[in-house]
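Protein chains: 2
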Amino acid sequence: METDQGAARYSSPTLDADTSFLLARASAMASAVGNRAVADLGLKVRTYSVLALAVEVEPSQRELAERLRLDPSQIVALVDELEARGLLERRQDPSDRRARIVAATPAGAALFGQARARIEDAQRDLWAPHSAPEIEALRAMLRRVAFGEPR
Amino acid sequence: METDQGAARYSSPTLDADTSFLLARASAMASAVGNRAVADLGLKVRTYSVLALAVEVEPSQRELAERLRLDPSQIVALVDELEARGLLERRQDPSDRRARIVAATPAGAALFGQARARIEDAQRDLWAPHSAPEIEALRAMLRRVAFGEPR
DNA sequence: AGAGGTCGTTGAGAATGTCAATGATTGACT
DNA sequence: AGTCAATCATTGACATTCTCAACGACCTCT
Numbered sequence: 001m002e003t004d005q006g007a008a009r010y011s012s013p014t015l016d017a018d019t020s021f022l023l024a025r026a027s028a029m030a031s032a033v034g035n036r037a038v039a040d041l042g043l044k045v046r047t048y049s050v051l052a053l054a055v056e057v058e059p060s061q062r063e064l065a066e067r068l069r070l071d072p073s074q075i076v077a078l079v080d081e082l083e084a085r086g087l088l089e090r091r092q093d094p095s096d097r098r099a100r101i102v103a104a105t106p107a108g109a110a111l112f113g114q115a116r117a118r119i120e121d122a123q124r125d126l127w128a129p130h131s132a133p134e135i136e137a138l139r140a141m142l143r144r145v146a147f148g149e150p151r
Numbered sequence: 001m002e003t004d005q006g007a008a009r010y011s012s013p014t015l016d017a018d019t020s021f022l023l024a025r026a027s028a029m030a031s032a033v034g035n036r037a038v039a040d041l042g043l044k045v046r047t048y049s050v051l052a053l054a055v056e057v058e059p060s061q062r063e064l065a066e067r068l069r070l071d072p073s074q075i076v077a078l079v080d081e082l083e084a085r086g087l088l089e090r091r092q093d094p095s096d097r098r099a100r101i102v103a104a105t106p107a108g109a110a111l112f113g114q115a116r117a118r119i120e121d122a123q124r125d126l127w128a129p130h131s132a133p134e135i136e137a138l139r140a141m142l143r144r145v146a147f148g149e150p151r
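Going down the list, the sequences are from chains R and B. If you're matching positions, the first sequence starts at 1 in this note's numbering and goes up one per residue. If you're matching positions, the second sequence starts at 1 in this note's numbering and goes up one per residue.
Just so you know, the hints here were simulated from the structure itself, not pulled from any lab data. Source: prediction; values computed, not measured. One or more hints might be untrue.
[As the list claims (entries may be wrong)] Computed Cβ-Cβ distance ranges for the label pairs, DEER-style:
| id | chain 1 | residue 1 | chain 2 | residue 2 | range |
| --- | --- | --- | --- | --- | --- |
| 1 | B | P133 | R | D93 | 42 to 48 Å |
| 2 | R | G86 | B | P133 | 47 to 53 Å |
| 3 | B | Y10 | R | E136 | 21 to 27 Å |
| 4 | B | R98 | R | D80 | 44 to 50 Å |
| 5 | B | A109 | R | G113 | 50 to 56 Å |
Just so it is clear, CB atoms sit at the ideal spot from N, CA and C, and this is done for glycine as well.
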């Protein structure tokens, strides 16, 4: 036949069986979709995830860094930006004066609500070919790897 | 009880249900594991993936860029480096003198063999809690998103 | 009171992502 | 045959992200 020339050319058997490679490429595709979904709100998936934690957790910056797997110095820049836009604020942790609690302002919470709706819509489209149970099974596996023993 | 203080603190309901977020974090974890696995061969997952395609496909640089979702200018740098190390070579495409075919040298193929074994060992550990059919189902889903309609 | 660790911050340098421009070449059209 | 738009590899520039080291302020333990 040899009619398979439209889509899946140039594939390497090794890479096509390499879960990490597929993970990396799928992640890049998904975050591109996510970035596009919230771009006109002035957000990226990166800032969106900071906002989500600020709304739902109110973590310290260290906890933020841990959860997002970012260096603490990057958290400083991200929080600086969102704070300058009035979307969140730094509070003193009453039990530890070194720590800064990151909490959303009402404006931040409102924007998060909008962003969340757009992200979830975009995701739904992206994963449309799969059933809800399939997707939840996928998430369960990803959670284990995502939050497993780091090294 | 409130004994759950060891591992899963500071989690946001929204992010924990966000497939893209889990994908990003799992991908970061997996590529860190992969990079460590081939570090002493002088490779990263990035250069490893170039080598894999050079061995198994012998694509043009444009095809390489497409498959790895990298800008063509990055391919230039990656191929330059691996070529300087004698692991692959650029050949004229006989049917198009603009294009350069990227093919592994014997040394490149040998190194790829070693790297592949290490990557696959590391992956096995990473995904150990899951069964083979589960992992293949995961890969099938990732493939669809990874190579789905780009925009 | 002092020692050693943690938290946020600053700064630096490397790696990666993104985009525009160019010379050589191709393919299509006249 | 000759022109023209498109494609390929390359170079260069710039933004974003990653990674690490150092620091002052603060905490905990003794």
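Next item on the list: Kindly indicate which numbered hints from before are broken by the structure, ordering the numbers from low to high.
Entry: none
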